[in-house]
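Visitor: Here are the chains, one letter per residue:
There are 2 protein chains.
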Amino acid sequence: MSPEWRILIDYFFSLNLAVDCNAVLKALQPIFQEQGMTETVHNWEDHGYLVTYIKKNGSFANLRIHPHGLVLVDLQSYNDDMKGREEVDQLLNKVEERMKELFHSNIKRVKRLPAILRGGVIDRYWPTADGRLVEYDIDEVVYDEDSPFQNIKILHSKQFGNILILSGDVNLAESDLAYTQAIMGSGKEDYTGKEVLILGGGDGASNIDQMVIDGCKKHMRKTCGDVLDNLKGECYQVLIEDCIPVLKRYAKEGRMFDYVINDLTAVPISTSPEEDSTWEFLRLILDLSMKVLKQDGKYFTQGNCVNLTDALTLYEEQLSRLYCPVEFSKETVCVPSYMELWVFYTIWKKKTDI
Amino acid sequence: MSPEWRILIDYFFSLNLAVDCNAVLKALQPIFQEQGMTETVHNWEDHGYLVTYIKKNGSFANLRIHPHGLVLVDLQSYNDDMKGREEVDQLLNKVEERMKELFHSNIKRVKRLPAILRGGVIDRYWPTADGRLVEYDIDEVVYDEDSPFQNIKILHSKQFGNILILSGDVNLAESDLAYTQAIMGSGKEDYTGKEVLILGGGDGASNIDQMVIDGCKKHMRKTCGDVLDNLKGECYQVLIEDCIPVLKRYAKEGRMFDYVINDLTAVPISTSPEEDSTWEFLRLILDLSMKVLKQDGKYFTQGNCVNLTDALTLYEEQLSRLYCPVEFSKETVCVPSYMELWVFYTIWKKKTDI
Chain A
1 MSPEWRILID YFFSLNLAVD CNAVLKALQP IFQEQGMTET VHNWEDHGYL VTYIKKNGSF
61 ANLRIHPHGL VLVDLQSYND DMKGREEVDQ LLNKVEERMK ELFHSNIKRV KRLPAILRGG
121 VIDRYWPTAD GRLVEYDIDE VVYDEDSPFQ NIKILHSKQF GNILILSGDV NLAESDLAYT
181 QAIMGSGKED YTGKEVLILG GGDGASNIDQ MVIDGCKKHM RKTCGDVLDN LKGECYQVLI
241 EDCIPVLKRY AKEGRMFDYV INDLTAVPIS TSPEEDSTWE FLRLILDLSM KVLKQDGKYF
301 TQGNCVNLTD ALTLYEEQLS RLYCPVEFSK ETVCVPSYME LWVFYTIWKK KTDI
Chain B
1 MSPEWRILID YFFSLNLAVD CNAVLKALQP IFQEQGMTET VHNWEDHGYL VTYIKKNGSF
61 ANLRIHPHGL VLVDLQSYND DMKGREEVDQ LLNKVEERMK ELFHSNIKRV KRLPAILRGG
121 VIDRYWPTAD GRLVEYDIDE VVYDEDSPFQ NIKILHSKQF GNILILSGDV NLAESDLAYT
181 QAIMGSGKED YTGKEVLILG GGDGASNIDQ MVIDGCKKHM RKTCGDVLDN LKGECYQVLI
241 EDCIPVLKRY AKEGRMFDYV INDLTAVPIS TSPEEDSTWE FLRLILDLSM KVLKQDGKYF
301 TQGNCVNLTD ALTLYEEQLS RLYCPVEFSK ETVCVPSYME LWVFYTIWKK KTDI
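For the protein sequence lines, the chains are A and B, in the order given.
According to full-length UniProt numbering, the first sequence is numbered sequentially starting from 1.
According to full-length UniProt numbering, the second sequence is numbered sequentially starting from 1.
Treat the hints loosely; a few may be bogus.
No distinction is drawn between identical chains; accordingly, a pair holds when it is met within one copy or between any pair of copies.
To be verified - Heads up, simulated DSS-like pairs for lysine-lysine below, C-alpha to C-alpha not over 30 Å straight-line: (1) Lys222 <-> Lys188; (2) Lys294 <-> Lys232; (3) Lys108 <-> Lys218; (4) Lys291 <-> Lys252; (5) Lys294 <-> Lys330; (6) Lys194 <-> Lys351; (7) Lys111 <-> Lys218; (8) Lys248 <-> Lys330; (9) Lys26 <-> Lys55; (10) Lys56 <-> Lys111; (11) Lys158 <-> Lys111; (12) Lys350 <-> Lys298; (13) Lys291 <-> Lys188; (14) Lys158 <-> Lys108; (15) Lys217 <-> Lys108; (16) Lys217 <-> Lys248; (17) Lys298 <-> Lys252; (18) Lys217 <-> Lys111; (19) Lys111 <-> Lys55; (20) Lys188 <-> Lys232; (21) Lys83 <-> Lys111; (22) Lys26 <-> Lys56; (23) Lys108 <-> Lys56; (24) Lys298 <-> Lys248.
For the record, the hints were derived by calculation from the structure and aren't laboratory data.
Could you build all of it, start to finish, from the sequences and the hints given here?
Guide: So, in structure tokens, the structure goes:
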């Protein structure tokens, strides 16, 4: 129902000198008027000009001229056909040409960013954990459902394959074997005959949300294989329930594991006091996991984006507050679909002197 | 001189139903007016409304109401302090609240993208080879010079370390050991006692542009080590000149190599006829390289982004047009700072029946 909108932005000229706003306006005006656009000028005096150009077909442009030497052009259209694109490119080329005639070598920087598509069926913009804007090469919505817990999307990327996105967070793509390798100890462990407990990992392991399992079983087979087809196999069992009571039961029964792999959630980003309960939840899981981990066992988990140093430090502080003393190491890994480097932790019980 | 500009964009509401543009305007109007913004309304009738709100400090907002059910808000400001950010967030929160009161479950999608910074000293936006918009975590301009051949930038990224950017193309970051490994055959080769010819690789090897060498020698030491400090070592020599005459001389002298590593340039993106000369240049390098490559030698090179299938196919077609028959294999590798998967080629001389 909604048309696809394009916005061409961050087309700007950064200049080495103060400019006469009116002279810039007069120089660029004919380029927009040739396109049959009508002009509305707002003059702030000390803050320069905003000129709005409106076209009959619903497109419009903003020309913002700042007296300190910055000229910005934004163009919004919803004619996303080749003809519309060419027209826009031609217009911007003319603006660039005219600006170069006016300011020659005083132009410090010219920048024209790729168009942003908005309002369309396919959403290509999934910001990173550290809040940067990144565009994915999404070409298909494979699955999009709301469960009682979260929104579950599986989107197809040309280069990364299907990507699982839970409530807006990129979780895992078919390209991301590096993630699975990292959270399993980067190939340095021998799992033969070992007891392994995996918490989370809805893309191929136990999870509270049946709908994630259903989506992944069908659309993420490159990551989960046929593991989710049958919740019980010769050497594994998938439990779809809250992991806390299960951990408590195992602890009570004295059931011990060689490895605990926590793939529940990334380290909380926020460091505000309201998040206290999240950190408590995190410590509860850690404490219970240590209770079911053998003395020489290993606990693997993801941290977060390497740039979120405050959150990672807070996480490491939690590790010193567990019921038993632990030590840890960390590793920074490039997970292809994340577009940011990710930190993984290995935690083990501190050897006590006898 | 130029102030830092922020634009908050792609804040949009995609609706399941046609809307009364005037009703939306009347509902949202007070939110902007409370901020002391003055309103200019343009009514297209069949294409809806564009409402421009202007603030005394030079900031402004566009509210675009489309009758088919799309409402877009853009906000531009250059008060990039915390107070300014909070004000903007509050305004957008109020818009969202009001829209939810108006349309309830008919809102299909709400999206608020990270702010785009423009006009500042630091440019964080370096589109991928396949034309996607990506923001880097750049926090410092380390080096920025124009050589007779190109613009050379070395920018510092918090997670990737220093990044070499040549005329706008991300070339290599300190995080990108994966690139070097891939172009050296992914750890499968034993270089002991072998003769290796490297073409390009200004980040640590021969290059025509002395200024790239100078910048990298100082600021990319994690990638080039001390190789560039002395252009001649016990087992290597760096030539800063055009590689074509050198290759011709080697061919004439009959000097042969076990490996030729071509790190000159990515495969041309354009597939237009004007690019013919680029393809010819590429074939010339390939032919000359094959002439100096031993019969059982290997030629390694980068291709391009895995999404640029047309360009890669054209490259592979060139391989069938060389003076001697060759075979090739390719590998797709994740180079951390590229934010896209990259194709690398291994090429060797076809074994001929005796």
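Visitor: With reference to the structure, classify each hint as holding or not holding.
Guide: Against the structure, the hints:
1. For a Cα distance limit of 30 Å, the shortest separation of Lys222 from Lys188 qualifies both inside one copy, at 23 Å, and across copies, at 26 Å.
2. With identical chains, the CA atoms of Lys294 and Lys232 are at most 30 Å apart within one copy only, with a shortest distance of 24 Å there and 55 Å across copies.
3. In this assembly of identical chains, Lys108 and Lys218 lie within 30 Å of each other by CA distance solely across copies; the values are 25 Å between and 52 Å within a copy.
4. Taking identical chains as interchangeable, the C-alpha atoms of Lys291 and Lys252 lie at most 30 Å apart only when both belong to the same chain, with a minimum of 9 Å there against 72 Å between chains.
5. Taking CA atoms no more than 30 Å apart as the test, Lys294 paired with Lys330 passes inside one copy only; the shortest distance there is 20 Å, against 44 Å between copies.
6. Proximity of Lys194 to Lys351 under the C-alpha cut-off of 30 Å is restricted to the intra-copy arrangement: shortest distance 21 Å within a copy versus 48 Å between copies.
7. In this assembly of identical chains, Lys111 and Lys218 lie within 30 Å of each other by CA distance solely across copies; the values are 27 Å between and 43 Å within a copy.
8. In this homomeric assembly, Lys248 and Lys330 come within 30 Å of each other (Cα to Cα) only inside a single copy, at 27 Å, whereas the closest approach across copies is 50 Å.
9. In this assembly of identical chains, the alpha carbons of Lys26 and Lys55 lie at most 30 Å apart whether taken from the same copy (19 Å) or from different copies (24 Å).
10. Taking identical chains as interchangeable, the C-alpha atoms of Lys56 and Lys111 lie at most 30 Å apart whether they share a chain (27 Å) or sit on different chains (27 Å).
11. Taking identical chains as interchangeable, the C-alpha atoms of Lys158 and Lys111 lie at most 30 Å apart whether they share a chain (27 Å) or sit on different chains (23 Å).
12. In this homomeric assembly, Lys350 and Lys298 come within 30 Å of each other (Cα to Cα) only inside a single copy, at 11 Å, whereas the closest approach across copies is 49 Å.
13. For the homomeric pair Lys291 and Lys188, the shortest alpha-carbon distance inside one copy (24 Å) is at most 30 Å, but the shortest distance between copies (43 Å) is not.
14. Taking CA atoms no more than 30 Å apart as the test, Lys158 paired with Lys108 passes between copies only; the shortest distance there is 25 Å, against 36 Å inside one copy.
15. Within a single copy, Lys217 and Lys108 get their C-alpha atoms only as close as 53 Å, which misses the 30 Å cut-off; across copies the closest is 26 Å, which meets it.
16. In this assembly of identical chains, Lys217 and Lys248 lie within 30 Å of each other by CA distance solely inside one copy; the values are 28 Å within and 57 Å between copies.
17. When the C-alpha separation of Lys298 and Lys252 is checked against a cutoff of 30 Å, the pair qualifies only within one copy, where the shortest distance is 20 Å, while the shortest distance between copies is 61 Å.
18. Taking the shortest alpha-carbon separations for Lys217 and Lys111, only the inter-copy value of 28 Å comes in at or below 30 Å, while the best intra-copy value is 44 Å.
19. Taking the closest pair of Cα atoms, Lys111 and Lys55 come within 30 Å of each other both inside a single copy (24 Å) and across two copies (26 Å).
20. Within a single copy, Lys188 and Lys232 get their C-alpha atoms as close as 27 Å, which meets the 30 Å cut-off; across copies the closest is 39 Å, which misses it.
21. When the C-alpha separation of Lys83 and Lys111 is checked against a cutoff of 30 Å, the pair qualifies both within a copy, at 23 Å, and between copies, at 28 Å.
22. Taking the shortest alpha-carbon separations for Lys26 and Lys56, both the intra-copy value of 22 Å and the inter-copy value of 23 Å come in at or below 30 Å.
23. Proximity of Lys108 and Lys56 under a CA criterion of 30 Å is satisfied inter-copy only: 28 Å between copies versus 34 Å inside one chain copy.
24. Taking the shortest alpha-carbon separations for Lys298 and Lys248, only the intra-copy value of 19 Å comes in at or below 30 Å, while the best inter-copy value is 58 Å.
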